[in-house]
Amino acid sequence: MKKILMLAIASVFLSLSILSFNLESRTTPTMNIVSDKVYDIILDTDFSMPPQDDALATIVALNSPKINVLGITTVAGNNSLEQATVDVLRFLEIVKREDVPVFVGSNMPLVHEVSDFAKSTWGKWWSDDPPTMPIGGFPKKKPEKQSAVDFMVNTVINRPQEITIVAIGPLTNVAKAIRQHPNFAKSVKEIIVMGGAIATLPDGAGNATPNAEFNFWVDPEAARVVLRSGIPVTLSPLNVSRKTKGSETWYEKVVSVDTPVTSLLKQTMGPEFEKDPEFIDLMYDQVAIISLIYPDLVKTVDLYVDVDINHGINYGTSVGWDKVWPGAEGAKKIKVQYDLDWENFIKLFIKEVSRPHITKND
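Mapping of the sequence shown onto mature numbering (1 follows the signal peptide of the UniProt record, and there is no 0): residues -22 to -1, 1 to 340, in sequence order.
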């Protein structure tokens, strides 16, 4: 009997050991896979040269070994479409990444028309002025002949569930792609969107109007199309941007190494910091791109989010709640960022921006 009992105990311990081994063998490879994962992305941007956040986010995307930029698509937002395109082409020349293709996108929102208010506030999305010359002259690199929307559609449809879109400007291009191909939305792996401000969460006021964030306000109809499309969305709104802090400290650490990127930053940001050490207030697009490759840095909550497209005082306002409400029956539940581990975020941001090489496949 004693022998049988000892055998039973031994069997239990053996079973527990096997279970423990199985859990460890499952956990460890998963962690390694996550750390080695490379994201194939389309970067959709209303690009402006540094110190604008679009440029800093683009630097991270190009520098990080975790990201493979398949193409950059331009859209009107911070500036006109023509200015955004010229700037990003010249930027790629400066940082020696001419290998990255650029596709010209939408020059106006789906519906939103220019107003006196639009002309009096931030952004020249409405402008049809010729682009001004970027740093060092107009680019020799040319945009691709294929349109931004066609590039998005063809890339995603040919590689279903493989492509991540990182959208850091108005969502006009993405909305047009959704409308152009019936299978586009269900073929996108995920989309990271910098946009919106959620009043039901802390720090949820707008910046273009009292309640509306700039990217969503420029093209509210496009934002609504994208959020209602069924694409897995992670929203990086003003709520999480307001957990960041701009200062000269991170800039000095970045430019302590010598690369084409840091040379550009010294030229464009150095004089600004000399005038005002706190001239950069918040980080917007940088949070969106960093959170793609380091998702544990941000806290998210699942909410139904919709966008007001009525042409009134809340035009372009994003609204989020934990259940669907009247008028938002088409809203989908998405991940919404609301908090940030700032200390580790800024360390990783510095690491990505100041990498010694920016050439392809580094």
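Don't read these hints as lab results, they were simulated from the structure. Where is the CB? At the ideal position from N, CA and C, for every residue including glycine. Worth double-checking, as some hints may not be accurate.
The calculated PhoX-like cross-link candidates involving lysine-lysine, where the alpha carbons are at most 25 angstroms apart (straight line), are [stated by the list, open to error]:
id : residue 1 : residue 2
1  : K277      : K221
2  : K44       : K301
3  : K119      : K74
4  : K119      : K15
Ranges of calculated distance between the beta carbons of each label pair, as one might list FRET restraints [said to hold, decoys possible]:
id : residue 1 : residue 2 : range
5  : F95       : V279      : 27 to 33 angstroms
6  : E230      : D274      : 23 to 29 angstroms
7  : K325      : N288      : 28 to 34 angstroms
So, against the hints stated earlier in the document, which numbers end up violated here? 2, 4 and 7
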